[in-house]
Amino acid sequence: MVTAFFGALGRPVLLLWKSLEKFGEFLMFHLRLIPAYFTPPFRARELFIQMESIGVGSFWVIVLTSVFTGMVLAIQFYQGFHQFGAENFMSYPIFLAITRELGPVFAALMLTSRAISAMAAELGTMRVTEQIDAIDTLAIDSKRYLIVPRILASTLSLPLLVILFNFIGNLSAYFISIHVLGVNEESYKSIVRQYLELSDLVTSLVKAFVFGYLVSLVGTYIGYNTRGGARGVGRSTTSAVVFSAVTIFGANYLLSAFFLAMDW
415 MVTAFFGALG
425 RPVLLLWKSL
435 EKFGEFLMFH
445 LRLIPAYFTP
455 PFRARELFIQ
465 MESIGVGSFW
475 VIVLTSVFTG
485 MVLAIQFYQG
495 FHQFGAENFM
505 SYPIFLAITR
515 ELGPVFAALM
525 LTSRAISAMA
535 AELGTMRVTE
545 QIDAIDTLAI
555 DSKRYLIVPR
565 ILASTLSLPL
575 LVILFNFIGN
585 LSAYFISIHV
595 LGVNEESYKS
605 IVRQYLELSD
615 LVTSLVKAFV
625 FGYLVSLVGT
635 YIGYNTRGGA
645 RGVGRSTTSA
655 VVFSAVTIFG
665 ANYLLSAFFL
675 AMDW
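Under the working numbering, residue 678 is the last one in the sequence shown; the count climbs by one each step, no gaps.
The hints are simulated quantities; they were obtained by calculation from the structure and are not laboratory data.
Simulated restraints on C-beta separations: (1) E466 to L668: 29 to 35 Å; (2) G648 to Q497: 47 to 53 Å; (3) T652 to I448: 25 to 31 Å; (4) S604 to N639: 51 to 57 Å; (5) A671 to K603: 27 to 33 Å.
Below are the DMTMM-like pairs computed for lysine to aspartate or glutamate, each with C-alpha atoms no more than 20 Å apart in a straight line: (6) K557 to E536; (7) K603 to D614; (8) K557 to E460; (9) K557 to E544; (10) K557 to E439; (11) K557 to D547.
All C-beta atoms, glycine included, are put in the ideal place defined by N, C-alpha and C.
With these hints in hand, go ahead and build the complete structure from the sequences.
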């Protein structure tokens, strides 16, 4: 009974310790990669290949997600504002919601679902089939060759995808508001022009850069350190998606709180 009691107390402590140990390994793994971002050899060809796979490959899923997001927001905001007879003022809140929050978060989640999961699976398969070991045997730095281009490609591609998401999302919200819900077109556009600030756009792009960098760190680390054959690849893919999604939401809160404190 005493053993069971202290065992129940010790298990959470050991779990926390192991989690901190894993987080420390994750940080050290990527801190050692930072010099590779700025020193040759620069593998531009591999970078563009990854940008095509990650960015261009995610184009249509971003378009579809943004279209339906803008349409739903227009309907929901109309229902709320219409109760107060203020539906002509709903354009800037929609713009703010898409640009500051939903654009970066939803685009990052779609990137995670499509590209980061594939990234983890690809690197995991290369690990369990010993292709990464073969690259190291040839005196090629496998981390610089496989991981750095993927991180840079994700970091550079997501801001472009967020710009696309913001544009398509706001355009679809505008179309539904004007042509379906009957909101006054001039009022809709004038409210946005009146209250639009540069900080709204800057906030969106900063979040996009941060999210793209963070999810690529998670995906590449988990994929590169895959163990356990085909089952391990499946676990790594699932873990990459789950941890990336949690990272997005956590980072979004911290960035939103920071921008609020900075009065952005």
